[in-house]
Amino acid sequence: AQKITQTQPGMFVQEKEAVTLDCTYDTSDQSYGLFWYKQPSSGEMIFLIYQGSYDEQNATEGRYSLNFQKARKSANLVISASQLGDSAMYFCAMRETGDKLIFGTGTRLQVFP
Amino acid sequence: GAVVSQHPSRVICKSGTSVKIECRSLDFQATTMFWYRQFPKQSLMLMATSNEGSKATYEQGVEKDKFLINHASLTLSTLTVTSAHPEDSSFYICSARDRGGRVGYTFGSGTRLTVV
Numbered sequence: 061a062q063k064i065t066q067t068q069p070g071m072f073v074q075e076k077e078a079v080t081l082d083c084t085y086d087t088s089d090q091s092y093g094l095f096w097y098k099q100p101s102s103g104e105m106i107f108l109i110y111q112g113s114y115d116e117q118n119a120t121e122g123r124y125s126l127n128f129q130k131a132r133k134s135a136n137l138v139i140s141a142s143q144l145g146d147s148a149m150y151f152c153a154m155r156e157t158g159d160k161l162i163f164g165t166g167t168r169l170q171v172f173p
Numbered sequence: 024g025a026v027v028s029q030h031p032s033r034v035i036c037k038s039g040t041s042v043k044i045e046c047r048s049l050d051f052q053a054t055t056m057f058w059y060r061q062f063p064k065q066s067l068m069l070m071a072t073s074n075e076g077s078k079a080t081y082e083q084g085v086e087k088d089k090f091l092i093n094h095a096s097l098t099l100s101t102l103t104v105t106s107a108h109p110e111d112s113s114f115y116i117c118s119a120r121d122r123g124g125r126v127g128y129t130f131g132s133g134t135r136l137t138v139v
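Protein chains in written order, with our numbering: chain A, 61 to 173; chain B, 24 to 139.
Heads up, a few of these hints could be off.
Unchecked claim - List of simulated lysine to aspartate or glutamate pairs, EDC-like, C-alpha gap at most 20 Å:
#, chain 1, residue 1, chain 2, residue 2
1, B, K78, B, D88
2, B, K78, A, D159
3, B, K64, A, E104
4, A, K160, A, D89
5, B, K87, B, D50
6, A, K133, A, D146
7, A, K133, A, E75
8, A, K160, B, E110
9, B, K64, A, D82
10, B, K43, B, D111
11, A, K63, B, E82
12, B, K37, B, E82
13, A, K130, A, E104
14, B, K43, B, E86
15, A, K160, B, E86
16, A, K133, A, D89
17, B, K64, B, E75
18, A, K160, B, E82
19, B, K43, B, D88
20, A, K133, A, D82
21, B, K64, A, D146
22, A, K133, A, E104
23, B, K43, B, E110
24, B, K89, B, E110
What the hints assert, rightly or not - Label-pair restraints from in silico Cβ distances:
#, chain 1, residue 1, chain 2, residue 2, range
25, A, G122, B, E110, 36 to 42 Å
26, A, Q74, B, K89, 44 to 50 Å
27, B, E75, A, G145, 34 to 40 Å
28, B, K43, A, K63, 27 to 33 Å
To be clear, the hints were calculated from the coordinates, so they are not data collected in a lab.
Computed from a predicted model, the values in this text were never measured in an experiment.
Ideal placement from N, C-alpha and C gives every residue a C-beta, glycine not left out.
One chain only, chain A, in its complex shape:
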């Protein structure tokens, strides 16, 4: 069973607009962590934001915020004021037992002028 689900293979957003990238997860652990990474065409994995399962507040990092809905097991990434440089693949990931980081299938975001 897939543990991290990203249902949007591709998304388009106009520059300066906000965009939400969806992520749902499945775990029976009480303690877990959720991550979002950006992967440009160069291949490097750039950490964007982290949400712990016990964190009461939604995480924010600059233009990135995580809409964490624990009961629905969703951890959507919101990018505000999109920039052309935001065009990349975005991966949602979950830390599971054994500290393994498991990734979703990714969403390709394209920002247009």
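Once you've looked at the hints, dock chain B against the given chain A.
What follows is chain B alone, placed relative to chain A:
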């Protein structure tokens, strides 16, 4: 911040030869490293977990005799693709667990392997 150096960034090898990829943590001790494989336009698939001083733990379906992992020190883990075939061509990327850092995981820059 924590840095993981991965080499080489690109390698082309002939079918049947072996290729070694190194991941080195530069400013922290990485007792655990993870190796991923990524085919074009696909996700990162975890291949194995490398633990310093012990045998690596491989994910289901990953051939341990083909993908040899050695984690001989707290700062170095290596992945050797043995008897490489064209279907092994892929992007390989390592990640180290950085317990002291806020992020928790630091990734190498990846190795693009092409087997001809």
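Verification of the hints:
Between the alpha carbons of B/K78 and B/D88 the distance comes to roughly 12 Å, so the proposed pair stays at or under 20 Å and holds. Between B/K78 and A/D159 the alpha-carbon distance is near 16 Å, which keeps this suggested pair within the 20 Å criterion. As the CA atoms of B/K64 and A/E104 are separated by approximately 14 Å, the hinted pair is consistent with the 20 Å bound. The suggested pairing of A/K160 with A/D89 holds, with an alpha-carbon distance near 13 Å, which does not exceed 20 Å.
Between B/K87 and B/D50, the direct Cα distance comes to roughly 29 Å. Violation of the 20 Å bound is thereby established for this hinted pair. Taking the CA atoms of A/K133 and A/D146, the gap is about 26 Å. The hint is violated against a cut of 20 Å. The straight-line distance between the Cα atoms of A/K133 and A/E75 is roughly 29 Å, outside the 20 Å bound, and the hint therefore fails. Taking the CA atoms of A/K160 and B/E110, the gap is about 25 Å. The hint is violated against a cut of 20 Å.
In summary, the hint linking B/K64 to A/D82 is supported, as the alpha carbons are separated by about 18 Å, within the 20 Å threshold. Taking the CA atoms of B/K43 and B/D111, the gap is near 13 Å; set against the 20 Å cutoff, the hint holds. Note on A/K63 and B/E82: the hinted pairing holds, with a Cα-Cα distance of about 15 Å set against a maximum of 20 Å. Note on B/K37 and B/E82: the hinted pairing is violated, with a Cα-Cα distance of about 26 Å set against a maximum of 20 Å.
Only pairs whose Cα atoms come within 20 Å are accepted, and A/K130 paired with A/E104 is rejected, the gap being roughly 29 Å. Straight-line distance between C-alpha atoms of B/K43 and B/E86 comes to about 16 Å, which keeps the hinted pair within the 20 Å bound. With a C-alpha separation of about 19 Å, the suggested pair A/K160 and B/E86 falls inside the 20 Å cut-off, and the hint holds. Proximity of A/K133 to A/D89 is assessed by CA-CA distance (about 12 Å); at most 20 Å being required, the pair is judged to hold.
This hinted pair does not check out: B/K64 and B/E75 have alpha carbons roughly 31 Å apart, beyond 20 Å. Between A/K160 and B/E82 the CA atoms are separated by roughly 11 Å; this keeps the pair inside 20 Å, and the hint holds. A threshold of 20 Å between alpha carbons decides the hint, and for B/K43 with B/D88 the separation of about 14 Å falls inside it, so the pair holds. Between the alpha carbons of A/K133 and A/D82 the distance comes to roughly 11 Å, so the proposed pair stays at or under 20 Å and holds.
The hinted pair formed by B/K64 and A/D146 meets the criterion: a straight-line CA distance of about 17 Å does not exceed 20 Å. Restraint check: the Cα-Cα separation between A/K133 and A/E104 comes to about 27 Å, which exceeds 20 Å; the hinted pair is violated. Between B/K43 and B/E110, the direct Cα distance comes to roughly 17 Å. Compliance with the 20 Å bound is thereby established for this hinted pair. A threshold of 20 Å between alpha carbons decides the hint, and for B/K89 with B/E110 the separation of about 12 Å falls inside it, so the pair holds.
Between A/G122 and B/E110 the C-beta distance comes to about 41 Å, which sits within the given range of 36 to 42 Å. The hinted range of 44 to 50 Å is satisfied by A/Q74 and B/K89, whose Cβ atoms lie roughly 46 Å apart. Checked against the given bound of 34 to 40 Å, the beta carbons of B/E75 and A/G145, roughly 37 Å apart, stay inside it. At about 31 Å, the CB distance of B/K43 to A/K63 agrees with the hint of 27 to 33 Å.
Checked against the numbered hints given earlier, the structure breaks hints 5, 6, 7, 8, 12, 13, 17 and 22 and satisfies all the rest.
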